[in-house]
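Novice: Chains as they are written, first to last, in the numbering used here: chain A, 2 to 354; chain B, 2 to 354; chain C, 1199 to 1598; chain D, 1199 to 1598.
Hint data in this document are derived by calculation from the structure and do not stem from the laboratory. Any given hint might turn out to be false.
What the hints assert, rightly or not - Capping the alpha-carbon separation at 27 Å, the derived lysine-lysine pairs in DSSO-like fashion look like this:
1. K26(A) with K94(A)
2. K1250(C) with K295(B)
3. K1548(C) with K131(B)
Claimed, not checked - For the chain B half of the interface with chain C, some residues (derived, Cβ under 8 Å), not all of them:
4. Y29
5. V122
6. T124
7. C178
8. C235
9. R267
10. P284
Stated by the list, open to error - Away from chain A, derived, C-beta distances all over 12 Å, residues of chain B:
11. E47
12. D108
13. V149
14. I201
15. E226
All values reported here derive from a predicted model rather than from experimental measurement. Just so you know, even glycine gets a beta-carbon here, dropped at the ideal spot from N, CA and C.
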Amino acid sequence: MARTDFGPPDYKTMLPPVIKRNYGKWLYHEVPQPGVLRHVSETGEELYSVRVASARLVSSEFIRDISDIAEKYCDGFLRFTTRNNVEFLVSDKAKLEPLLKELDEKDYLVGGVGLSISNIVHTQGWIHCKSAVTDASGLTKNIMDTMVDYFTGKKSVPSRCRIAVACCVNMCGACHCSDIAVVGIHRTIPRINHELASKICEIPNTIASCPTGAIRPNPKLKSVEINHEKCMMCGNCTVVCPAIKIMDPENDGVSIWVGGKVSNARSKPMFSRLAIPFIPNNPPFWPEVTDAVKHLVEVWASNARPGERMGEWIGRIGWERFFAIADLPFTDKHLDDFTHANTTFRSTTQFKY
Amino acid sequence: MARTDFGPPDYKTMLPPVIKRNYGKWLYHEVPQPGVLRHVSETGEELYSVRVASARLVSSEFIRDISDIAEKYCDGFLRFTTRNNVEFLVSDKAKLEPLLKELDEKDYLVGGVGLSISNIVHTQGWIHCKSAVTDASGLTKNIMDTMVDYFTGKKSVPSRCRIAVACCVNMCGACHCSDIAVVGIHRTIPRINHELASKICEIPNTIASCPTGAIRPNPKLKSVEINHEKCMMCGNCTVVCPAIKIMDPENDGVSIWVGGKVSNARSKPMFSRLAIPFIPNNPPFWPEVTDAVKHLVEVWASNARPGERMGEWIGRIGWERFFAIADLPFTDKHLDDFTHANTTFRSTTQFKY
Amino acid sequence: MDVEKKVAATPLLDELEKGDWPSFVTEIKKAAKTSKMAQGLLEQVEASYVEKTGHWKHGGIVGVKGYGGGVVGRYTDDPDRFPDAREFHTMRVNQVPGFFYTSEKLRALADIWDKYGSGLYNMHGSTGDIILLGTTTENLQPCFDALGEIDFDLGGSGGALRTLSCCCGEARCEKSCIDAMDMMYDLTMYYQNEMHRPAWPYKFKIKISGCPNDCAAASARSDMALIGTWRDAIQVNQEEVRKYVADGMNMVQVCRKCPTEALGWDEKNQTLSIKTEDCVRCMHCINVMPKALRIGKERGITVQIGGKAPVVKGAMIGWILVPFMKAEAPYTEIKDLVSRITEFWAEHGKNRERLGELVERLSLATFLEGVGLKPLPQMVSAPRANPYIFWKEEEVVKNG
Amino acid sequence: MDVEKKVAATPLLDELEKGDWPSFVTEIKKAAKTSKMAQGLLEQVEASYVEKTGHWKHGGIVGVKGYGGGVVGRYTDDPDRFPDAREFHTMRVNQVPGFFYTSEKLRALADIWDKYGSGLYNMHGSTGDIILLGTTTENLQPCFDALGEIDFDLGGSGGALRTLSCCCGEARCEKSCIDAMDMMYDLTMYYQNEMHRPAWPYKFKIKISGCPNDCAAASARSDMALIGTWRDAIQVNQEEVRKYVADGMNMVQVCRKCPTEALGWDEKNQTLSIKTEDCVRCMHCINVMPKALRIGKERGITVQIGGKAPVVKGAMIGWILVPFMKAEAPYTEIKDLVSRITEFWAEHGKNRERLGELVERLSLATFLEGVGLKPLPQMVSAPRANPYIFWKEEEVVKNG
Ligand code: SRM
Ligand code: SRM
Ligand code: SRM
Ligand code: SRM
Ligand code: SF4
Ligand code: SF4
Ligand code: SF4
Ligand code: SF4
Ligand code: SF4
Ligand code: SF4
Ligand code: SF4
Ligand code: SF4
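For reference, chain A alone in the conformation it holds in the complex (with noise of 0.2 Å):
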């Protein structure tokens, strides 16, 4: 009988020793270039870490290659971050400036630290999921590919912009919660395979997973039927019923959600909102969306103040503002119509023209 219930790998066993001294005892740190991190600790110990960007989705070869690096400078010890960027722990200050220029000739990029752009928090898209609109990848690397130099520390920004990608309104991360999300949406109502599911549709379970109640029974047909007028795309219950598919590739493609935070730094967590209701899929470059995202970081750092996050930003001057400044039209899709929906309305005469 194979062993189970193990658990992961005693975090313990992966700790460079001067982090296993200095655990829980680090005093301050700094940011002595892009990329790296110098904290110094109450013994007056120090780490150096050193960010390198990945494509999270990676091979053996990659994990073989930084472990390599790992070896020759950090003695064997590295770590990811929470945004799939890489880090070097580098305990002897000698090897950091060796490290770098390492980096540099292998054409990793070193970045995403403080105030910069770090990596994009996406899914798994054309990749991996039944569920994905849109690919999370591609949509990933033609966003960073354009915003590099906000990651690399070449061009700056006011502050942290988390960006996220998710292939369907799953939303597999943080994309509600995010300074820009880019989000696969359907825009036609799934589409009933009325044979198919006269044999193998739940019946009452497919019409209890639409939460708007738009599915009702079709007895004729022994299958059910889906009110367009109360359809909201969601798919749900396309995860209930094999029968009921609603890819169309023709109107697939992804919505833009802007203002978004999770930290409580300064002000309270906030949903991202929408921006940009549609742009069609067009891979490879989804040029379209990459334009979007970088008009929006450009718009958002040029008109906000030191330290404001793209939300807050927002919340200082108003979403009717935002709109105009950033040239985006408004129209039905932005008002909100679910749940609470109410909550959103203006309920003040206080508005800017």
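Starting from the known structure of chain A, fit chains B, C and D with the ligands onto it as the hints suggest.
Specialist: For chains B, C and D with the ligands alone, kept in the frame of chain A given last:
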């Protein structure tokens, strides 16, 4: 055939000449003394308005008495305010002092202007409404007896404080947006006269009237029944079916709500929120209610900054601090459980201990 | 009405004749000197105070000829005990816009009411009407006829346009951006039919305030609130600003309260600056320096819809439907908008569903389409956060 | 795995090998040098790029012995066209807390995955797992057995406790109020059964951040977020504060960003003051002056519950359940709370209903009663505004 559809008297025939001459030309106003407004026009003309308290529920004798006064000092011109005070419109400055003297002699209360607690906006209560859970006039009288110094300007407040009283959750008035609102509430579910219901209840209508779906048919009795767990004691069903009664003298009483405002001045309009879930009806003095209102006003007045309405003050310090400073218990009743409940949950780690 | 019966003892109510605040009990007693109905009221209310419960019930519908509303029928639930409160209907009399009266008018009203009713009033009801408190079915018509002779008509009740109300506006306020009283008067006259003959799913209220201070509490309690506003710059008299400063006003603190940092104080040049594009017309600076600051010159209204009390879907504060609209007599644009809204509501609203609830149920987008308005960011405090966007068939490519 | 077939042309994907950012296409190609499955993936994804649609479908449930989860089954929807992607399951491997690794461990992992799978990984999945991308049903068990030998266990999937994750905490951050990594490790070990054998209505996620900066994005994406905090005063080193000022920090502006005006700068005495009772621990001042300010000494966690993505009731950001709680090994209090919550949820939750949705449906008050916690104002941003208060039978006088 009687005249119909002729509308109210033309307001132009009700205005003193000084107003007609300066209509739309007023330049600014001052408050030379509590209860008195001095409006100055572009033309240099001025108007003194003297505001006096009213019970709102008044007799012909009162109407004639204020008419007498208006004739003596105001050429017969007077008005009421949106909060049911009377205003004497003095165009001849020489008549101001004599008017004030007569008002004082006749025990009229002059005040309610500027940083004061003006008249309570209240409702019918036991005087006239079939839905009344408490008596609005009695509560108003008691509260204003206690608060009178804040009306006349003997005591001061940081900013306007609007008190409202409503005898049931219909909240005729603007309780839901008042600095302090006293609202009659039920605490027991309606009782059904099944005998009567079987004859007169339009069962489908009654079932449909319940916002929480708490009512189901009782085919046996040809009546309906109410699910206690789901009933939120709103009384809506009693409006639809006369066989359903909700009055319960032993358990009915009042609740107190704070922090609402209507004006767009500085901050946006705000809803009043629950401070005290229940105080029993205790006529004729409702001492627990007057004490509570007095306490709330005093706590606010001694803690808020100049110009801060109740809700603005609480917004600044936080509700957790408000409950602590006001020394009010925080209970399960304060937790919202209606439609938008989860928008009131604290989605941040930011709080005060 | 004349009086015979001696009023029973009212020990609890008597307590409420003490204290400084004007007493409603004293008022009822004054009326009771000459009105049996007022006596009956006193007795019944005393009983309510003892028993802690009301004693009114609804009865059949009562009213005056040609009207479907304006009267609220009331009957005591115990006619044997309170015979004089047997019938106790109220008449909702449309108040004068701005609540301005002459003593002459008031006296005439009192004479009529002493004749046909209890001699008791609410000056005024929460909606704005003069509430004539307590008369019999029999007296309704003659009372109404008599009121007509002194030009007092009834207001609204039931599923109708309710009596409008407004602040004193340009008659007595320097902040008024519109002629609120005239607007109320004009709309009232125009909508007489909608007010007197209920034909809608539920009540519909319009209230008018001359400026965003909203002294008519319009946004909280009207389905349609018309609020005066402006769209150019606030008029600044720097001379007067300096006087305020000289008199001790802390201008830094004043500026700090501007919600959008539009207000700035240049200490060196003793000059107040206002960034018009950032000003949200919150009235704060104008309120604290009435002599120095005035509303702008390009004036109109902001239209808010949906305000209401909690029944049934929860209270709502009106939200912006039209950020800015001209508001000059004969108010054609406003009337046109009112018509489009009430038509949409009359068509789609359910019984006892207020406008705000209807829009919530059908969605704001659907409503805007229905009344022919374009979505604007000013209508919301923020766009949607959920990804459940509805797309119409005509917006996408047809397939399969 | 060794390779025979030549990969078909992938002109669209090839474009994505250009550009500065590391390319996932290049990574797949690297793997494809030795893995047929990676080749199959490349072909299928190229097709998706051409056709603008995915080609995966769900199949039967696959897994390893003794476990109910940890593997996500995947099959191509067109096995004739993409035979090498016929089976393409992912294994969710529980990452090391804090994502710390030795090169040795990573190499061992790569060796196993090259043998049994595609040689492709997500480092890491959004929940936190190492995602081993693509293997066959047949290889699952041997791969799992081999992983066990190097101490890598599977994480969660399905209606189970999901793989926990945490920030680097005390290992590499001066702001950490708790030993986040140890807490994650301890809880993970404690809940092995709940993670590996789905028995709940839906997924349940726990994430841990050392402080309110929430670098694990816990409050947005975990049903239960454990966030380090403190309840005494921020530790201030005035000497270092002055150095920041000397280096050009504008202390007035720093203070202005404190959300509660707790922060004050005394220009004369060059002293920073913090009103501890007003501080909401927003981290702002600590973030901008890490050398001068430190978190307090009395440390613990704030527990937030209900965070989740939009499906089905809309996204939620976790709200406060426990404002402050000690968090020291063996975390008995925390485990006790987790048990009470998951028991309540397992009992009352519907299929595919997240904790936050359950609480929304039943009410926060009901939930608190169920898990034995007292209501606190810290749990809400404001009390209720609607008057629809539920009263229990036992709270009132019995009658009728
Ligand atoms: C390494 C990492 C934690 C880990 O265990 O992996 C980390 C590490 C630090 N974070 Fe973070 N944060 C990390 C993800 C996050 C996240 C989560 C995310 O992005 O998905 C957040 C919440 C994001 C959000 O709000 O949407 C986050 C919000 C913060 C903040 C608050 C930022 C703000 O202004 O809102 C700070 C404070 C600051 O920046 O001054 C902070 C500060 C820090 C500090 C300075 C803490 C310290 O003293 O060591 C660390 C260096 C950060 C840097 O990049 O400059 N960290 N940090 C994560 C690096 C991700 C990356 O590769 O870019
Ligand atoms: C007379 C009246 C209008 C009328 O047509 O009857 C009126 C008249 C004025 N209001 Fe008002 N307000 C009147 C009801 C209101 C209401 C409605 C209510 O109370 O139900 C409000 C909204 C209340 C709320 O927000 O809950 C109201 C919110 C204001 C404000 C904003 C107050 C605030 O700080 O939020 C101002 C501005 C100010 O006070 O500086 C204002 C200012 C004024 C000024 C100073 C305007 C002017 O320049 O003439 C008037 C003298 C007021 C005074 O009492 O000092 N008026 N005012 C109403 C007097 C009621 C009374 O008897 O007390
Ligand atoms: C008389 C008055 C209270 C007062 O003492 O001033 C009043 C009295 C009644 N209101 Fe009201 N409402 C009165 C102004 C209001 C207001 C304020 C306003 O109009 O500005 C509101 C809040 C604003 C609003 O409309 O939402 C108001 C919200 C209600 C509601 C809740 C409506 C809602 O959608 O939430 C009801 C319940 C209903 O319609 O069934 C209601 C129902 C009632 C009924 C008809 C209840 C009933 O069936 O017995 C009351 C008749 C009492 C009576 O004996 O005459 N009354 N009612 C006010 C009308 C006087 C007038 O015409 O001037
Ligand atoms: C692999 C991963 C995305 C990634 O590329 O990183 C992922 C992939 C899937 N997620 Fe997720 N979710 C992943 C993290 C998340 C997160 C983020 C997190 O856990 O921190 C979320 C948001 C937080 C949350 O749980 O709410 C997330 C919210 C969802 C949802 C929406 C849940 C909701 O209540 O709103 C679904 C829909 C569902 O459960 O049916 C979902 C469903 C799915 C399914 C199982 C959909 C399906 O049936 O095919 C995806 C399987 C794809 C695959 O091929 O493996 N996934 N999913 C992440 C798990 C990797 C890991 O174990 O580390
Ligand atoms: S976001 Fe949707 S499509 Fe993308 S991995 Fe998650 S469930 Fe799959
Ligand atoms: S896609 Fe969503 S809204 Fe549409 S029918 Fe399916 S479950 Fe219902
Ligand atoms: S608040 Fe209720 S009880 Fe009072 S008058 Fe209005 S409907 Fe009647
Ligand atoms: S009181 Fe309200 S909640 Fe209770 S049964 Fe009647 S309508 Fe339903
Ligand atoms: S609402 Fe404005 S215009 Fe009307 S009285 Fe109040 S301050 Fe004056
Ligand atoms: S009106 Fe309000 S928003 Fe406009 S400048 Fe004055 S204080 Fe600022
Ligand atoms: S959450 Fe706090 S403790 Fe954890 S890494 Fe971020 S700043 Fe440090
Ligand atoms: S942590 Fe935040 S709330 Fe506390 S003093 Fe610093 S800035 Fe203010």
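Novice: Now look at each hint and say whether the structure bears it out.
Specialist: We went through each hint and held it up to the structure:
1. For the suggested pair K26(A) and K94(A), the alpha carbons sit about 19 Å apart, so the restraint of at most 27 Å is met.
2. A C-alpha spacing of about 23 Å is found between K1250(C) and K295(B), which places the hinted pair at or below 27 Å, so the restraint holds.
3. Simply put, K1548(C) and K131(B) have alpha-carbon atoms about 24 Å apart, close enough for the 27 Å limit, and the pair holds.
4. A distance limit of 8 Å between C-beta atoms decides the matter here; for Y29(B) the minimum to chain C is near 4 Å, and the interface restraint holds.
5. Of the supplied interface hints, the one on V122(B) holds, with its beta-carbon coming within about 7 Å of a beta-carbon of chain C, less than 8 Å.
6. Hint on T124(B) holds. Least Cβ distance to chain C is approximately 6 Å, under the 8 Å limit.
7. Checking C178(B) against chain C: minimum C-beta separation of about 4 Å stays under 8 Å; hint holds.
8. Below 8 Å, beta-carbon pairs count as interface contacts, and C235(B) has one with chain C at about 7 Å; its hint therefore holds.
9. Because the closest C-beta pair between R267(B) and chain C is about 5 Å apart, less than 8 Å, the hint holds.
10. For P284(B), the suggested interface contact is upheld, since its CB lies about 4 Å from the closest CB of chain C, less than 8 Å.
11. Here E47(B) stays apart from chain A, with its beta-carbon at least about 30 Å from theirs, past the 12 Å limit.
12. The claim that D108(B) lies off the interface holds: its Cβ sits roughly 40 Å from the closest Cβ of chain A, which is beyond the 12 Å cut-off.
13. The beta carbon of V149(B) sits about 33 Å from the closest Cβ of chain A, which is more than 12 Å, so the claim that it is off the interface holds.
14. With 12 Å as the threshold on Cβ separation, the claim that I201(B) sits away from chain A holds: the shortest Cβ distance comes to roughly 32 Å.
15. Against the 12 Å criterion, E226(B) stays outside the reach of chain A, whose nearest CB is about 26 Å from its own CB.
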